[in-house]
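Asker: Throw the hints in and build the complete structure from the sequences for me.
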Amino acid sequence: VVQPALFAVMVSLAALWRSYGVEPAAVVGHSQGEIAAAYVAGGLSLRDAARIVAVRSQLVREKLAGLGGMMSVALPVERVEELLAPYAGRLSVAAVNGPAAVVVAGEVAALDEVFEACERDGVRARKVKVDYASH
Numbered sequence: 049v050v051q052p053a054l055f056a057v058m059v060s061l062a063a064l065w066r067s068y069g070v071e072p073a074a075v076v077g078h079s080q081g082e083i084a085a086a087y088v089a090g091g092l093s094l095r096d097a098a099r100i101v102a103v104r105s106q107l108v109r110e111k112l113a114g115l116g117g118m119m120s121v122a123l124p125v126e127r128v129e130e131l132l133a134p135y136a137g138r139l140s141v142a143a144v145n146g147p148a149a150v151v152v153a154g155e156v157a158a159l160d161e162v163f164e165a166c167e168r169d170g171v172r173a174r175k176v177k178v179d180y181a182s183h
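Count along the sequence shown from 1, add 48, and you get the number used in this note's numbering.
Hints listed in this document are in silico derivations from the structure and should not be mistaken for laboratory results. As the structure is a computational prediction, the values presented were derived from the model and not from experiment. Cβ coordinates follow ideal geometry from the N, Cα and C atoms, glycine included.
Now the in silico label distances, taken between C-beta atoms and shown as ranges:
1) Glu130 with Pro72: 32 to 42 Å
2) Arg127 with Asp96: 37 to 47 Å
3) Arg109 with Arg174: 16 to 26 Å
4) Ala53 with Ala149: 16 to 26 Å
5) Tyr68 with Gly170: 43 to 53 Å
6) Ser93 with Tyr68: 18 to 28 Å
7) Arg95 with Gly170: 47 to 57 Å
8) Arg99 with Ala149: 28 to 38 Å
Answerer: Below is the structure:
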């Protein structure tokens, strides 16, 4: 239910801003936010956007849930790639959100090992509370 709830919040906020006369010049999103952005920009009907979100949520639950995890690491992507080298095929860089903000996804056991290494080395890392590897 998280994905449909987040979509509802995004779309509702856009409607609230519009009710106050705030009209976006451009709309962008990341991941699920792209679906809300497509609706807000007029590229999808509300019905179609909501259906995409519902189907996506169902597929995540049926096909991905329980198969991995994610964590954020406060290091440049090059350093994260070095950390992940021993875990090739088990962990991947899932997103680069900034110069020192990288998301890693993959097998839970491997994530736990990298998380412990980060803690040991004083690198800020945070596990994302999901049970699947995404971005």
